[in-house]
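Peer 1: Single-letter residue listing:
2 protein chains.
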Amino acid sequence: MKIQMFIYPGMTTLDLMGPLQTWQMWPNAEFQIVAETSGVVTTDTALSVVATHGFDDAWDTPDILFVPGGTEGTMALLSDKKVLGFLARRGENATWVTSVCSGALVLGAAGLLEGYKATSHWYVRDMLTSFGATPVADRWVIDRNRASGGGVTAGIDFGLAIMAHICGEEVARQAQLAMEYSPRPPFQSGTPEEASPETLKAVKERFAAAVA
Amino acid sequence: MKIQMFIYPGMTTLDLMGPLQTWQMWPNAEFQIVAETSGVVTTDTALSVVATHGFDDAWDTPDILFVPGGTEGTMALLSDKKVLGFLARRGENATWVTSVCSGALVLGAAGLLEGYKATSHWYVRDMLTSFGATPVADRWVIDRNRASGGGVTAGIDFGLAIMAHICGEEVARQAQLAMEYSPRPPFQSGTPEEASPETLKAVKERFAAAVA
Numbered sequence: 031m032k033i034q035m036f037i038y039p040g041m042t043t044l045d046l047m048g049p050l051q052t053w054q055m056w057p058n059a060e061f062q063i064v065a066e067t068s069g070v071v072t073t074d075t076a077l078s079v080v081a082t083h084g085f086d087d088a089w090d091t092p093d094i095l096f097v098p099g100g101t102e103g104t105m106a107l108l109s110d111k112k113v114l115g116f117l118a119r120r121g122e123n124a125t126w127v128t129s130v131c132s133g134a135l136v137l138g139a140a141g142l143l144e145g146y147k148a149t150s151h152w153y154v155r156d157m158l159t160s161f162g163a164t165p166v167a168d169r170w171v172i173d174r175n176r177a178s179g180g181g182v183t184a185g186i187d188f189g190l191a192i193m194a195h196i197c198g199e200e201v202a203r204q205a206q207l208a209m210e211y212s213p214r215p216p217f218q219s220g221t222p223e224e225a226s227p228e229t230l231k232a233v234k235e236r237f238a239a240a241v242a
Numbered sequence: 031m032k033i034q035m036f037i038y039p040g041m042t043t044l045d046l047m048g049p050l051q052t053w054q055m056w057p058n059a060e061f062q063i064v065a066e067t068s069g070v071v072t073t074d075t076a077l078s079v080v081a082t083h084g085f086d087d088a089w090d091t092p093d094i095l096f097v098p099g100g101t102e103g104t105m106a107l108l109s110d111k112k113v114l115g116f117l118a119r120r121g122e123n124a125t126w127v128t129s130v131c132s133g134a135l136v137l138g139a140a141g142l143l144e145g146y147k148a149t150s151h152w153y154v155r156d157m158l159t160s161f162g163a164t165p166v167a168d169r170w171v172i173d174r175n176r177a178s179g180g181g182v183t184a185g186i187d188f189g190l191a192i193m194a195h196i197c198g199e200e201v202a203r204q205a206q207l208a209m210e211y212s213p214r215p216p217f218q219s220g221t222p223e224e225a226s227p228e229t230l231k232a233v234k235e236r237f238a239a240a241v242a
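Top line first, the protein sequences correspond to chains A and B. Number 93 in the working numbering belongs to position 63 of the first sequence; there are no gaps in the numbering. Number 100 in the working numbering belongs to position 70 of the second sequence; there are no gaps in the numbering.
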């Protein structure tokens, strides 16, 4: 199982770590962490990460292609021909084409979601229509060989669901126990419907500049 | 707010990313990602990460000291005098001494949990007694200025709870909405009590070698 995970400057690292930590328990999986060039890549936190491969030595035919989301850095990719060209080619060859959060917009801009149902972060989900995709307000969505997760933390639910779909439930159940994934959020504020109007307004204002 | 997060070879990156992504929304926070020496650090997944600082140029007096967990790499730290000495000194000076997962064992080995209640990953939680700490089976535990989270994904709940405790609930509610943290695990298998006996046996066997 060749799992190819794309990373880029400004990405939201937790978008990547949900599925990556979950899929660490994927039987016989190999991983490539791919950026335009190999080496250090900044993120939207203080933690920089390392691409093991560049576009020139990345697998041509991954079993899973994965794209995480972000804010400014992600929006910049939507008109980045080199990145979109790379993803379009890998996406045509891949058995599974997947994303978490606003990574779905990048797949969409690469032409990989036309005619597919998909989900994304609540703030940008409706933008999927610009790419011919049908937005679905769900924690994860699987439509044929396209699989997408919602915003940031949805990557854990997405990661478990996809692994169960492909490898069977028991492997995913073991990953869930290993990661002690029995969540207990201290508040009910994880979606626009759950959050207070004040909280929603503050977070929308924070995102507005980035996604302008 | 000076937040100092310790990283080390073999660590579980999701232990770090739960609080780091959450605390990214901490008002006026500065972060140091500290390893023995600055530069690239391997983890328990294919993703390597980058320490911004080494022991020689890390803040002497952080507001928050944080230690993530792992398996083999974490156990190796329990007898690493250089690491334990660094953490003991920073921990004496820090306003808050915190961990996720088996990171609590490292704090314990550094003498920072004696007489405190704490939690850790379910597989190693009882080992906290070896360090004079009182294990508590909870998603997160705050005892005076010590705060600890359970295994891996508990770092998100922990991160939100600590931020609310220190900064007030609204900041944490905004972080929860930004991260779309309205979890929906596809299975009920996140604790030994929830998992099937077969799943529990398989995961215990996987951990046994690492923690021997």
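Simulated from the structure, these hints should not be mistaken for laboratory data. Hints are supplied without guarantee of correctness; some may be wrong.
Copies of the same chain look alike in the list, so a pair counts if it fits in one copy or across any two.
[Claimed, not checked] Listed below are the simulated BS3-like cross-link pairs for lysine-lysine, each with C-alpha atoms no more than 30 Å apart in a straight line:
#, residue 1, residue 2
1, Lys-112, Lys-231
2, Lys-147, Lys-112
3, Lys-32, Lys-111
4, Lys-32, Lys-234
5, Lys-32, Lys-112
Peer 1: For each hint, tell me whether it holds in the structure or not.
Peer 2: Comparing the hints with the structure gives:
{"no.": "1", "hint": "Lys-112 x Lys-231", "result": "neither (36 Å within a copy, 47 Å between copies)"}
{"no.": "2", "hint": "Lys-147 x Lys-112", "result": "within (25 Å within a copy, 53 Å between copies)"}
{"no.": "3", "hint": "Lys-32 x Lys-111", "result": "within (25 Å within a copy, 39 Å between copies)"}
{"no.": "4", "hint": "Lys-32 x Lys-234", "result": "between (37 Å within a copy, 27 Å between copies)"}
{"no.": "5", "hint": "Lys-32 x Lys-112", "result": "within (22 Å within a copy, 38 Å between copies)"}
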